[in-house]
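Here is what each chain is made of, one letter per residue.
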Amino acid sequence: MDHDQLEAYLAELARALRASGADEPAVLTELRGHLLDATEQAERRGLTQSAAQQEALARMGSVEVVAAAFSADRRRMMTRWLLGIAIVCGLLLSYVDSRPTWDDTGITAGVVLLLCGLLGLLAPRRPWMWALAVGSWIPLLEIVSTHTYTSLLALLIAFVGAYAGMGVRRLAQRA
Amino acid sequence: MNAEALKGHLELLLLAALQHQAAHGYAVVETLRARSGGVFDLPEGTIYPALHRMERAGLLSSAWSDASGRRRRIYQLTPRGQQALAQRQREWRQFASAIDAVAGA
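In order, the protein sequence lines correspond to chains A and B.
For the first sequence, this note's numbering assigns the number 1 to the initial residue and increments by one for each residue that follows.
For the second sequence, this note's numbering assigns the number 1 to the initial residue and increments by one for each residue that follows.
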């Protein structure tokens with residue numbers, strides 16, 4: 001049996017999934033089984049093989065739609081992981097920054113800037129979230145412990161870093 | 001029916017489709033289409049990310065089966081999935097009756 005249309009669709013989908021970083025051979029195996037079942041079913045209803053394949057592909061959805069559904073799912077998962085990492089890093093930074101033996105504010109600011117920039121670059125949809133997750137702990141701890149507000153600058157630096165990361169990503173996407 | 005309108009309820013529908021028996025993706029789609037009288041006609045490829053996500057969340061388990069030279073991934077509800085289905089069915093009934101009370105009057 002000739003499954004040219006199905007294989008062409010799957011090859012295109014594989015490319016789209018790879019491009020979005022969601023490539024999984026098991027996904028293609030699963031979708032191939034689905035398409036073969038759908039084709040078989042349509043043929044039983046009297047369609048020619050070619051028409052049955054076209055119907056199966058139409059029902060599956062365009063490559064763009066299916067790839068977008070998989071990459072959206074992957075993005076959600078990655079965002080959750082990154083948020084956890086960002087919060088842990090933010091807490092660690094605020095702990096280090098609060099130590100009496102630590103007096104290098106420049107390094108703290110640099111790490112906040114770089115970390116938020118990296119997060120904004122990796123996941124540019126919500127830069128504000130990375131800024132808050134990393135940069136809010138230092139001022140929070142200082143406000144609670146010393147009632148001073150100068151370290152709110154860390155939050156500002158976090159926002160600058162996250163939005164700069166997002167900007168670099170957007171520029172790279174356009175290029 | 002607009003696929004967007006289904007999105008928020010997709011997990012409930014998938015859980016319900018797998019309530020009585022384990023099934024592969026195509027069979028799940030066919031169940032949804034048959035039970036809804038053809039109203040739920042979403043791009044079939046988009047149910048797979050949802051099935052995978054639900055498996056990661058422990059609501060479903062899956063196993064590969066080879067039959068007639070074809071590999072299929074068979075999904076079934078886990079005990080947690082059964083609980084989630086019961087809860088979502090309750091929430092849905094409450095929501096639907098509230099909507100009906102307001103909009104159906």
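Bear in mind the hints are in silico, worked out from the structure with no lab data behind them.
Quick caveat: nothing in here was measured; it's all calculated off a predicted structure.
Watch out, some of these pointers could steer you wrong.
[What the hints assert, rightly or not] To spell it out: a stretch of chain A is covered by chain B in this simulated footprint if at least three of its residues, at any positions, have a beta carbon under 8 Å from a beta carbon of chain B; those stretches are:
# : stretch
1 : 24 to 31
2 : 114 to 127
[What the hints assert, rightly or not] Covered, in the sense of this in silico footprint (three residues per stretch, anywhere, with C-beta under 8 Å from a C-beta of chain A), are these stretches of chain B:
# : stretch
3 : 17 to 26
4 : 44 to 51
5 : 65 to 72
Built from N, CA and C at the ideal position, the CB exists for glycine as well.
Under 8 Å between beta-carbons, do enough residues of the stretch 114 to 127 of chain A, three at least, approach chain B for the coverage claim to hold? violated (count 0)
Cβ contact check, 8 Å cutoff: the stretch 44 to 51 of chain B against chain A, three residues minimum: holds (count 6)
Assertion that chain A covers the stretch 17 to 26 of chain B - criterion: three or more residues, beta-carbon distance below 8 Å: It holds, with 3 qualifying residues against the three required.
Do three or more residues from the stretch 65 to 72 of chain B put their C-beta atoms closer than 8 Å to C-beta atoms of chain A? Since three or more residues must qualify, the claim that chain A covers the stretch 65 to 72 of chain B holds, with 3 doing so at under 8 Å.
Do three or more residues from the stretch 24 to 31 of chain A put their C-beta atoms closer than 8 Å to C-beta atoms of chain B? n = 5 at 8 Å, threshold three: holds.
Consistency with the previously given hints fails for number 2 only.
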